[in-house]
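Take the sequences, apply the hints, and build the full model.
2 protein chains.
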Amino acid sequence: MSSNVVWHTHPVDQEVRSEQKSQRPLVIWFTGLSASGKSTIAGALEQILTRQNYHTYLLDGDNVRHGLNNDLGFSHEDRQENIRRVGEVAKLMADAGLIALAAFISPFRDDRRLVREILPEGQFIEVFVDAPLTVCQERDPKGLYAKAVRGEIKQFTGIDSPYEIPEKPEVHIRAGEVSVAEAVNQLLSYLHEIGALQAGYEPVALEA
Amino acid sequence: MSSNVVWHTHPVDQEVRSEQKSQRPLVIWFTGLSASGKSTIAGALEQILTRQNYHTYLLDGDNVRHGLNNDLGFSHEDRQENIRRVGEVAKLMADAGLIALAAFISPFRDDRRLVREILPEGQFIEVFVDAPLTVCQERDPKGLYAKAVRGEIKQFTGIDSPYEIPEKPEVHIRAGEVSVAEAVNQLLSYLHEIGALQAGYEPVALEA
Numbered sequence: 001m002s003s004n005v006v007w008h009t010h011p012v013d014q015e016v017r018s019e020q021k022s023q024r025p026l027v028i029w030f031t032g033l034s035a036s037g038k039s040t041i042a043g044a045l046e047q048i049l050t051r052q053n054y055h056t057y058l059l060d061g062d063n064v065r066h067g068l069n070n071d072l073g074f075s076h077e078d079r080q081e082n083i084r085r086v087g088e089v090a091k092l093m094a095d096a097g098l099i100a101l102a103a104f105i106s107p108f109r110d111d112r113r114l115v116r117e118i119l120p121e122g123q124f125i126e127v128f129v130d131a132p133l134t135v136c137q138e139r140d141p142k143g144l145y146a147k148a149v150r151g152e153i154k155q156f157t158g159i160d161s162p163y164e165i166p167e168k169p170e171v172h173i174r175a176g177e178v179s180v181a182e183a184v185n186q187l188l189s190y191l192h193e194i195g196a197l198q199a200g201y202e203p204v205a206l207e208a
Numbered sequence: 209m210s211s212n213v214v215w216h217t218h219p220v221d222q223e224v225r226s227e228q229k230s231q232r233p234l235v236i237w238f239t240g241l242s243a244s245g246k247s248t249i250a251g252a253l254e255q256i257l258t259r260q261n262y263h264t265y266l267l268d269g270d271n272v273r274h275g276l277n278n279d280l281g282f283s284h285e286d287r288q289e290n291i292r293r294v295g296e297v298a299k300l301m302a303d304a305g306l307i308a309l310a311a312f313i314s315p316f317r318d319d320r321r322l323v324r325e326i327l328p329e330g331q332f333i334e335v336f337v338d339a340p341l342t343v344c345q346e347r348d349p350k351g352l353y354a355k356a357v358r359g360e361i362k363q364f365t366g367i368d369s370p371y372e373i374p375e376k377p378e379v380h381i382r383a384g385e386v387s388v389a390e391a392v393n394q395l396l397s398y399l400h401e402i403g404a405l406q407a408g409y410e411p412v413a414l415e416a
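Which chain is which? The protein sequence lines are A and B, in order.
If you read the first sequence in the working numbering, its first letter stands for residue 1, the second for the next number, and so on.
If you read the second sequence in the working numbering, its first letter stands for residue 209, the second for the next number, and so on.
Just so you know, the hints here were simulated from the structure itself, not pulled from any lab data.
There could be a bad hint or two in this list.
[Unchecked claim] Beta-carbon label-pair distances, calculated as ranges:
id	chain 1	residue 1	chain 2	residue 2	range
1	A	152	B	373	42 to 52 Å
2	A	152	B	322	27 to 37 Å
3	B	342	A	194	49 to 59 Å
4	B	329	A	152	33 to 43 Å
5	B	259	A	179	41 to 51 Å
6	A	147	B	400	52 to 62 Å
7	A	121	B	359	42 to 52 Å
8	B	224	A	71	25 to 35 Å
All C-beta atoms in this analysis are idealised placements derived from N, C-alpha and C, irrespective of residue type, glycine included.
Below, the structure written as structure tokens:
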């Protein structure tokens with residue numbers, strides 16, 4: 001069984017996977033109020049990155065709440081645990097060499113800080129999707145704000161539970177003022193600036 | 209915000225990611241006694257696949273127990289929850305287009321069945337790493353069997369907790385009789401047989 005030794009001396013690690021994919025592994029973490037545009041912007045960014053042959057994965061309520069976190073409710077403890085697990089999965093995704101995108105309200109600074117701290121230096125990018133509460137309430141695509149105002153949903157962020165604004169997000173998107181296309185270009189520009197995109201990057205011409 | 213519509217109509221899904229990586233997403237699940245060789249064989253397979261430019265990720269106790277599942281102990285319920293979460297993460301990895309490898313004792317049929325059931329048809333491959341208990345006890349690299357026999361560890365699989373043998377594993381490796389290299393070639397051969405490897409595959413010449 002001497003071949004064991006050979007195997008163990010060349011493990012496949014983040015560096016190998018990162019080189020294979022010609023990209024810097026990252027966790028791009030979108031935080032903001034419900035209906036601020038987190039998932040839309042994250043999904044649009046993912047699409048553009050994938051077209052340019054980056055390897056990505058988008059974590060959001062849809063693929064996490066129905067599976068991994070289907071045992072969690074919406075109490076304060078459960079919301080904390082929800083974010084903790086998503087952070088750990090995003091870390092595994094980055095360890096796999098991927099650019100992981102995560103779109104969660106994640107209203108508490110401490111929860112977001114914990115995710116930043118488990119990641120290697122420079123691999124966590126906090127994106128504050130900043131839309132005024134009034135704008136989000138007006139959009140209210142799922143009628144959640146209306147229910148929260150009527151008291152049918154408790155501890156709803158922005159209504160009867162606080163949203164703690166990021167103090168030093170890597171990217172601050174004024175989502176009430178810019179289009180999705182502009183938000184994506186702001187993100188691409190930032191990623192380019194920090195050297196996370198290959199040379200030759202140009203802002204994307206976006207469909208009207 | 210009409211561009212929203214454009215974004216949402218072309219989501220990046222498993223099919224897109226699978227095409228990008230030119231591979232079939234899979235979960236290759238290694239089950240067997242402690243010290244049967246699961247992690248060694250899984251790590252060796254991952255190395256070979258990565259050299260052949262497949263995109264992989266290996267989940268095992270090392271990267272899961274210290275992070276995502278660091279809140280879980282070794283009670284029956286916690287071990288079930290450990291496997292449930294690993295299964296969900298492996299599913300997300302496969303959804304990301306990766307070949308996910310998972311190496312866990314996972315002694316209970318029901319727990320393994322649940323993982324199979326959450327995955328799309330044909331994306332779960334159960335690998336039974338079958339080494340006789342006596343062989344595993346003799347290897348005992350971490351001294352765990354010795355501790356279990358002395359009663360210092362409770363509910364240790366093979367000693368005072370059962371291992372439920374897979375009834376129809378996709379691959380059955382007789383790990384007491386074959387080398388790591390032979391086990392890897394058995395797995396590559398199976399993957400080739402089901403069309404999960406590109407044409408041009410050949411068994412790997414392995415270092416002595």
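Right, here's what the structure says about each hint:
For the pair residue 152 (chain A) and residue 373 (chain B), the supplied restraint of 42 to 52 Å holds, since their beta-carbon distance comes to about 51 Å. Hint check: residue 152 (chain A) to residue 322 (chain B), Cβ distance near 33 Å, so the stated range 27 to 37 Å holds. For the pair residue 342 (chain B) and residue 194 (chain A), the beta carbons lie near 55 Å from each other, so the given range of 49 to 59 Å is met. Judged by the Cβ atoms, the range 33 to 43 Å given for residue 329 (chain B) and residue 152 (chain A) holds: they are separated by roughly 39 Å.
Between residue 259 (chain B) and residue 179 (chain A) the C-beta distance comes to about 44 Å, which sits within the given range of 41 to 51 Å. Checked against the given bound of 52 to 62 Å, the beta carbons of residue 147 (chain A) and residue 400 (chain B), roughly 54 Å apart, stay inside it. Restraint check, residue 121 (chain A) to residue 359 (chain B): a C-beta distance of roughly 44 Å satisfies the suggested window 42 to 52 Å. Between residue 224 (chain B) and residue 71 (chain A) the Cβ separation comes to about 30 Å, which falls inside the hinted range of 25 to 35 Å.
When held up to the earlier numbered hints, the structure conflicts with none and fits them all.
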